[in-house]
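Participant: As they're listed, the protein sequences go chains A and B. At position 10 of the first sequence (counting the first as 1) the number is 10 in the UniProt record's numbering, and the numbers step up by one without a gap. At position 143 of the second sequence (counting the first as 1) the number is 143 in the UniProt record's numbering, and the numbers step up by one without a gap.
It is worth saying that the hints were derived from the structure and are not from the lab. Some hints could be false.
35 Å max Cα-Cα, derived DSBU-like pairs, lysine-lysine [unchecked claim]:
#: 1; chain 1: A; residue 1: Lys57; chain 2: B; residue 2: Lys73
#: 2; chain 1: B; residue 1: Lys55; chain 2: A; residue 2: Lys76
#: 3; chain 1: B; residue 1: Lys260; chain 2: B; residue 2: Lys162
#: 4; chain 1: A; residue 1: Lys81; chain 2: B; residue 2: Lys260
#: 5; chain 1: A; residue 1: Lys2; chain 2: B; residue 2: Lys73
#: 6; chain 1: B; residue 1: Lys260; chain 2: B; residue 2: Lys166
#: 7; chain 1: B; residue 1: Lys55; chain 2: A; residue 2: Lys77
#: 8; chain 1: A; residue 1: Lys76; chain 2: B; residue 2: Lys260
#: 9; chain 1: B; residue 1: Lys260; chain 2: A; residue 2: Lys77
#: 10; chain 1: A; residue 1: Lys81; chain 2: A; residue 2: Lys2
#: 11; chain 1: A; residue 1: Lys57; chain 2: B; residue 2: Lys79
#: 12; chain 1: B; residue 1: Lys166; chain 2: A; residue 2: Lys77
#: 13; chain 1: A; residue 1: Lys40; chain 2: B; residue 2: Lys55
#: 14; chain 1: B; residue 1: Lys260; chain 2: A; residue 2: Lys18
#: 15; chain 1: B; residue 1: Lys73; chain 2: A; residue 2: Lys76
#: 16; chain 1: B; residue 1: Lys29; chain 2: B; residue 2: Lys260
#: 17; chain 1: A; residue 1: Lys81; chain 2: B; residue 2: Lys29
#: 18; chain 1: B; residue 1: Lys265; chain 2: A; residue 2: Lys57
#: 19; chain 1: B; residue 1: Lys123; chain 2: A; residue 2: Lys2
#: 20; chain 1: A; residue 1: Lys76; chain 2: A; residue 2: Lys2
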Amino acid sequence: MKTLITSTTSTPEGPFDKRFGRAAWFCVLDEKTGESTFIKNENAEGQSGIGTKTAEKVVELGVGKVISGDFGPKAKKLLDKFGVQMVIINEDLKVIDIINRIKG
Amino acid sequence: MPLKIAVASGKGGTGKTTVSVNLQYFISKSLTDEVLLVDCDVEEPNDRIFFPDSKTTSTLEVTHAIPEIDRNKCLFCRKCVDYCEFNAIVVIPPAHFAEINASLCHSCGACSVACREGAIREKPHPLGKITTVNTGIGEGIVEGRLEVGSAMQTLMIKELKKNVSKHHRDADSDEIILFDAPPGTSCPVVETIADVDYVILVAEPTPFGLNDMTLMVELLVEMGKPFGVVINKAGLGNKEIYSFLKEQEIELLGEIPFNKEYAGKYAEGKLLQNIDPHARRCYSDIVTSIERRLLQDEGINYFKW
């Protein structure tokens with residue numbers, strides 16, 4: 001399964017981004033292979049509907065689980081509709097810390 | 001053409017409604033009885049509260065068109081998504097999913113133009129109500145009230161203004177239309193003042209009041225609107241607002257002193273009952289200032305003597 005982690009930078013050493021739609025980068029972790037890739041969030045600076053837009057992207061990427069600081073109501077509704085699991089983390093962590101937690 | 005005046009503020013709670021309601025009253029008593037008050041604060045219109053004996057003369061339900069996607073016709077090409085400025089459309093091709101989020105849609109119609117497959121059809125959604133009220137003062141009130149939960153204030157104000165100009169477009173009239181604007185300096189305010197002849201800014205002499213009034217002044221200068229300032233709650237805060245007005249050569253139309261009793265009357269909805277002589281004098285002065293200012297700006301076309 002693929003897991004998406006919102007990130008402030010394009011490296012695993014950078015801090016995790018607690019914003020979902022407006023996160024600067026997305027780290028997509030393939031739990032099978034353990035590989036992670038970073039995708040720039042092109043909608044981060046958009047005017048409105050960013051949560052929905054990002055949720056759309058998540059579904060398109062075939063991601064099954066999203067880890068972020070919070071999810072807005074519209075994003076939540078869409079992610080729910082497609083059975084994407086939402087995980088909320090409130091700690092200040094690096095992306096790598098979260099990856100390591102997943103890998104156990 | 002009717003003369004259009006907006007009452008705006010920047011900061012909320014400075015007294016737009018107080019000034020609007022009183023201005024209509026005093027204009028009807030001293031200038032012309034053909035004075036209409038339009039409540040453009042569509043999220044919480046409250047002008048009519050001050051007229052306990054008012055009667056609703058008509059109510060109009062307003063709708064706006066929200067498109068819907070027919071998934072049987074949709075090719076999931078995402079062209080409508082590209083056209084949508086407001087990110088209101090979600091299309092996920094692999095999932096054969098296409099949906100329009102009504103709360104983000106601004107009813108601009110672009111997606112209907114984008115779709116060549118005829119998969120998008122527009123359906124009316126409730127936007128709000130326009131109510132005409134006979135208050136016994138001037139031509140009464142026309143009020144716009146946005147549907148609860150809707151974020152389309154600007155569209156509602158547009159519909160309200162359209163309705164008002166449909167009924168008040170007599171080219172020869174010396175009618176005055178007062179627009180009570182919503183607070184702030186964003187789109188709904190811009191829409192309210194876009195085609196008015198004059199703006200009355202209601203400000204309070206506090207640091208917040210000055211900051212927000214400055215934002216509003218910048219907006220009005222950019223829009224090229226003539227305006228003057230009424231200072232409400234005079235005596236509170238500090239004197240900085242006066243230096244600002246002097247520095248910028250902005251006309252001070254009048255002042256309404258801060259008075260707890262007066263605030264109490266507002267809270268009870270009794271603004272226009274037993275108006276004390278002091279308030280009476282303040283508003284008469286403001287009406288005179290506005291009248292003088294308009295005569296300077298526009299010549300004598302507006303008023304019959």
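Participant: Does each hint fit the structure? Answer for all of them.
Facilitator: Hints, verified against the model:
1. Lys57/A - Lys73/B: With Cα atoms ~23 Å apart, lysine 57/A and lysine 73/B stay inside 35 Å; holds.
2. Lys55/B - Lys76/A: Since the Cα atoms of lysine 55/B and lysine 76/A sit roughly 45 Å apart, the hinted pair is violated (cutoff 35 Å).
3. Lys260/B - Lys162/B: violated (39 Å)
4. Lys81/A - Lys260/B: Violated - the C-alpha atoms of lysine 260/B and lysine 81/A are around 54 Å apart, more than 35 Å.
5. Lys2/A - Lys73/B: With Cα atoms ~31 Å apart, lysine 2/A and lysine 73/B stay inside 35 Å; holds.
6. Lys260/B - Lys166/B: Given that 35 Å is the threshold and the Cα spacing comes to 41 Å, the pair is violated.
7. Lys55/B - Lys77/A: violated (43 Å)
8. Lys76/A - Lys260/B: violated (47 Å)
9. Lys260/B - Lys77/A: Since the Cα atoms of lysine 260/B and lysine 77/A sit roughly 48 Å apart, the hinted pair is violated (cutoff 35 Å).
10. Lys81/A - Lys2/A: holds (17 Å)
11. Lys57/A - Lys79/B: holds (16 Å)
12. Lys166/B - Lys77/A: violated (41 Å)
13. Lys40/A - Lys55/B: Not satisfied, since the Cα-Cα distance of roughly 58 Å exceeds 35 Å.
14. Lys260/B - Lys18/A: This hinted pair is violated, its Cα atoms lying about 46 Å apart.
15. Lys73/B - Lys76/A: holds (27 Å)
16. Lys29/B - Lys260/B: The hint holds at about 26 Å.
17. Lys81/A - Lys29/B: violated (61 Å)
18. Lys265/B - Lys57/A: Not OK: lysine 265/B and lysine 57/A at ~55 Å, beyond 35 Å, violated.
19. Lys123/B - Lys2/A: Roughly 38 Å between the alpha carbons, so the hint for lysine 123/B and lysine 2/A is violated.
20. Lys76/A - Lys2/A: Holds: lysine 76/A and lysine 2/A sit about 18 Å apart, inside 35 Å.
Checked against the numbered hints above, the structure violates hints 2, 3, 4, 6, 7, 8, 9, 12, 13, 14, 17, 18 and 19; every other hint is satisfied.
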